[in-house]
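*Asks:* Protein chains in written order, with my numbering: chain L, 1 to 297; chain H, 1001 to 1774; chain E, 2001 to 2158.
Since the hints were made in silico from the structure, they are not lab data.
Heads up, some of the hints might be wrong.
[What the hints assert, rightly or not] Pairs of lysine-lysine, DSSO-like flavour, derived with a Cα cap of 27 Å:
no.	chain 1	residue 1	chain 2	residue 2
1	E	K2002	H	K1115
2	H	K1763	L	K256
3	E	K2129	L	K89
4	H	K1642	E	K2150
5	L	K157	L	K46
6	L	K289	H	K1441
7	L	K42	L	K135
8	L	K273	H	K1757
9	H	K1269	H	K1115
[Stated by the list, open to error] What the simulated footprint calls covered on chain E by chain H, stretch by stretch (three residues with Cβ under 8 Å from a Cβ of chain H suffice, anywhere in the stretch; the number is not a length):
no.	region
10	2013-2020
11	2060-2072
12	2076-2083
13	2099-2105
14	2125-2132
15	2142-2153
Even for Gly, the Cβ is constructed at its ideal location relative to N, Cα and C.
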Amino acid sequence: MLPQFELYLPKSVEETSEILLTYNSNARIYAGGTDVLVQMAKGQSKPEALVDIKGLAELRGISYSAAKELSIGALTTHHELENSDLIKKKYAALHDGVSRVGSVQTRNRGTIGGNLCSALPSADSAAPLLALGAKVIINGSGGERELPLEKFYLGIKHTALEPGEILTKIVIPALARHNAQAYIKFSRRNAMDLALMGVAICYELDGLHVSKARIALTTAAPTPVRAYGAEAFLTGKALTEANLKEAGVLAAEEAKPRDSWRSGAEYRRGLIKVLLPRISRLALERMGKARSENERD
Amino acid sequence: MSQKNHIGESVTHIDAWDKVTGSAVYCGDMSFLHQLYGAVYRSPFSHAKIITIDLAEVWKTPGVKAVVTGEDFPRLYGQYVVDQPFLAFGKVRFKGEPVVAIAADTPESAAEAVKKVHAVFEELPAVLDVYEAVAEGAPLVHDDWSKYSVADFIRPEPGTNICDHFQLSKGDMDAGFREADVIDEGEFSTPMIQHVTIETHCAIAQCLNDGTVNVWSPCQSPFAMRDQLAAALKLPLRKVRVIASSIGGAFGGKNEMRVEPIVIALAMKVPGKHVKLVFTREEEFLSSVVRGESSVKVKLGAKNDGTLTAVKVETYLDTGAYATTGPRVNFIAGFASSGPYVVPNIKVDGYCVSTTRQIGSSFRGFGVSEIAWAYESQMDCLAKRLKMDPLDLRMKNAVEDGSISATGERLFSVSAKQCLQAVADAIDWKNRDPVITPEGKIRTKGIATFMKPTGTPSNSSAVVRLNDDGTVNVMIGGMEMGQSMTTVIAQMVAHELGISMDSVEMTPVDTEYCPFEKHSSASRLTFHIGNAAVRAAKDVMEQLRRLAAIAWNVDPRAIKAGRGELTGPGGQSVTLPELRKASILRDQDPVIGKGAYSTSDIYVPLDPVTRQSARPMIYWMWGAQAVEIEVDPETGKIQVLKVAAAHDVGRAINPVACYQQIEGAVSMGVGHALIEEMIFDGGDILNANMVDYKVPTIADIPLETQVILIENGHPEGPYGAKGIGEPGIIPTVPAIGNALCEAIGERIHRLPMKPEKVLEALKKRSEHCHAPTI
Amino acid sequence: MKEIELRFRLNGEEQRLTVPSNVTLLHVIREHFGLMGTKEGCGEGECGACTVLMDGRPVTSCIILAEEADRHDIMTVEGLMKDGKLNRLQQAFLDEGAVQCGYCIPGMLMSAQGLLNENPHPTSQEIRKGIEGNICRCTGYNRIVNAIHKASQDEGDS
């Protein structure tokens, strides 16, 4: 049985913000509920109030601006993203991530905003968004502000949201025309499991060389993180087997995975070494396929 | 007229319609007017003395109607060892043990009241490992075995945590090893695992002032529960009524009383009221039952040509805080521990060990699963030493009709070799060299077999009540739990009476009016209830013959009685569907066919020391499985690609039901092999939920399971049938282990074979390979 | 704590009721409407036994607040039969031997129905993905996949 709480169904961001401020830190935003209710049922979270924001229409939907920026409303469900052709075609890494979140049922309810705001190291949408260079748009009584996703994460279950603020949108900046991207989730069980390790990559390419590399990891640190060293190493280089292997080693070195009963830190490090080259090859294959399809068109 | 045969037909399961419409009633779906809801305060320690329990605040909680502690209700129960309190008294023996039970008007009040229990404990040293538990000077979980009533097959060792020491010997083991050219030994272990039935444990109890105890429960063995309760409560059997609900999965996990003692203790405080309690998923892990950890040491001796000369086995099974089925698991493990092989010299020592851990009890295939993981792995090790094909080594030693078993029986209706050959063909064993896929994964094959006993002696009964319209109600005491036993029994009755399946109604099990059944376990119901039901149906025909003789005014001996058909000497004839028309039942004695079956007549008691017997078991189950797996050498992850499973079902009364049992067991076995384990920090379970305790999803099971039914009829089985509920789980695990060893050249000795361990083994392997060879 | 007034469709019928804010959709389905086909297996969305359809899509009702059903369309296993006849999925589950203990089956059927609503002719791979959130401990799943496949090929009523 769930503990008692007050329930609010605000109709605007302002109203939401006010309610949150009234309750100080004792209110929780409620969107898909797939994390919040579970924590409450287990007695891990006892908020005085739940603020169901599903009535905030402006937090919904996927749109593509003229500047080729992709904007994703925080309330967009994993299922909506999984079913979006645009995401499937242009943001394959994100598609890989959202389609591996939980189960069909979780993806039907869970939102991308919720996945980020829960701030768990294993969030499957977070690493792809980091690799895609995403920013988050935050709204509150003090108005709107923008943060790179990297800055949004402060620690485990800890984000940069100030009292009264909510995450409203995720924005993915335009990518170079030729880019290779993918996310791989390694888990002990093949469905409905947490990542033991997740690796997302997005390489923007100039000819054969990487003009910009972004590599992100889940479950490799207290928050989803970028592997800057590996990125720097690959920038300007060709994606050869040897380079990818070295990038994997570098990413593994800079990761700070935890030793836990779920898995040993050394094993997780080893996974990074293996998965980074593996997922990079997949991304390149994908890009090749897309190119040849385009040529056919 | 044409008679439907029914035997060998895959008729749709009779309980399936209710299940696809959501109308099947499971215990949690039942409610009674003004019922109370139970909740439990559980031990926060693995092992501790209970000093005081303060309930003052509990009683102040609004809605609380009953509170009970072990002190209030100091009674013990147990199937084989009467050692378990309804609620702990004196001391607690595992973390999660029920200490105080509370009943209230709402589940919320009950849960709230639990938080207000103030109990003081004095911690005692915990015993969290079987080897620690058997070490000299180990703290005792139970002070004195002699204080308990203990079943006669059990040998507790006084002053130790050994709840049962099983011994078996045949021939001269030392001489056998001296004769051997090669001796190979190893130790194999399994972790604590849980059944994870999707329905958690649940029960409702009502106690009346006249001493009547009514219990509603999804229990596997209602009569065994009735008997235990009556003994514990000192009531006549007639006063305890167990009403069984549909069961949402059991696999051995609902063979023991778990919620029932708690709700009964509460219901006794509030006569007339129904008290209901449903375990949460967490409670399921914490305080229902588990398959305890096991460690098995196997030593094999063989001639250079592969002939086995001696087997030595030593097993340690963790039965946890209370014995429950543990000694029986130990017995079965010991009994089956040399596998389906001809071995002249055998010695087995099996120890069922008490610890301050979760209760180790029955789990599908109990005893044999643990032991086969060990001996079938060891057989492959031996094959390697002998440079023999593992299949050839097995074929060379496998028992056949006329072989003498480890327990001294001249075996018959044996199919070990047939099963091995069938799966070898199905998996294309000849082409089993490891293959490296373009993605760099290693594909290999593995094989394993087993022989599994049922339970003997035991007994069953059935009543077939004939209605005037030729339909029947069939009453039995064994439980349907998804194995489609009720369908199979209905098929047999329909067959014997020449009626359609629609004419057979299987009555819900209720100990108040159903005939006795010993246990729904050991894959025994098709065989045992089947025999009883066939007898009951034949009894119906006999009674009808007498009634027809009266109606037709002829000598009963002149009436020919076939399956559902009577023919008189003057051309009179009647079939069951036409019974009403023939009116031979009108105002005559009602027809109630009864059938009873027991195996006490064939059973030859075991020698108490060697456990040899000319006929210890009514039947054995035979089977073999072969797998093809793919190992990712970079991550250590294993994917099972294909499983070929050949099992001797004797006679497939309902082939689809046989397929289902084997397919389901295979997928469960894959879970045990690869992902399932309860993980602890001391006495704390770290993964008491369904995210962290991983049972296979659809994405984890083999892509292909090919089942081959071998029908080697058993002369004493109904239409030749044997049992098939459990066996599919057994060879799955060692077959995967054997395939893994083929892939990586190293053996993993402890389940599950998780990626980390595979990778470690691979590293070890590469270190070996770089080491200089002498 | 506020009580909440709800209006929603349940198995095709308009319903109104008032509930405390902290009850789940599963609780309302079972305790208020007495529809016992929807089961609880874990209480945290990890087994799928409580799956119902919300606006045609499968969701785990044990981790949804009743409040969220307001103005939505909910369907439980009891809503699958039409005019006393099994729907094609239910029939296929019987025909293919996809049912054993039956406890996961209502949730499994709802996930399957949700899949067919969105994708009437799924591939075997899509079926597998469609029921990845429903744990079955008895069957080994393959007969369930076959049943869904069979149902997807039967034209006629949904």
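*Asks:* A separate judgement is required for each hint: does it hold in the structure or not?
*Replies:* Hint-by-hint comparison with the structure:
{"no.": "1", "hint": "E:K2002 - H:K1115", "result": "25 Å, holds"}
{"no.": "2", "hint": "H:K1763 - L:K256", "result": "23 Å, holds"}
{"no.": "3", "hint": "E:K2129 - L:K89", "result": "20 Å, holds"}
{"no.": "4", "hint": "H:K1642 - E:K2150", "result": "23 Å, holds"}
{"no.": "5", "hint": "L:K157 - L:K46", "result": "15 Å, holds"}
{"no.": "6", "hint": "L:K289 - H:K1441", "result": "24 Å, holds"}
{"no.": "7", "hint": "L:K42 - L:K135", "result": "32 Å, violated"}
{"no.": "8", "hint": "L:K273 - H:K1757", "result": "18 Å, holds"}
{"no.": "9", "hint": "H:K1269 - H:K1115", "result": "21 Å, holds"}
{"no.": "10", "hint": "2013-2020", "result": "violated (count 0)"}
{"no.": "11", "hint": "2060-2072", "result": "violated (count 0)"}
{"no.": "12", "hint": "2076-2083", "result": "holds (count 5)"}
{"no.": "13", "hint": "2099-2105", "result": "holds (count 7)"}
{"no.": "14", "hint": "2125-2132", "result": "holds (count 3)"}
{"no.": "15", "hint": "2142-2153", "result": "holds (count 4)"}
Consistency note: the structure conflicts with the earlier hints numbered 7, 10 and 11.
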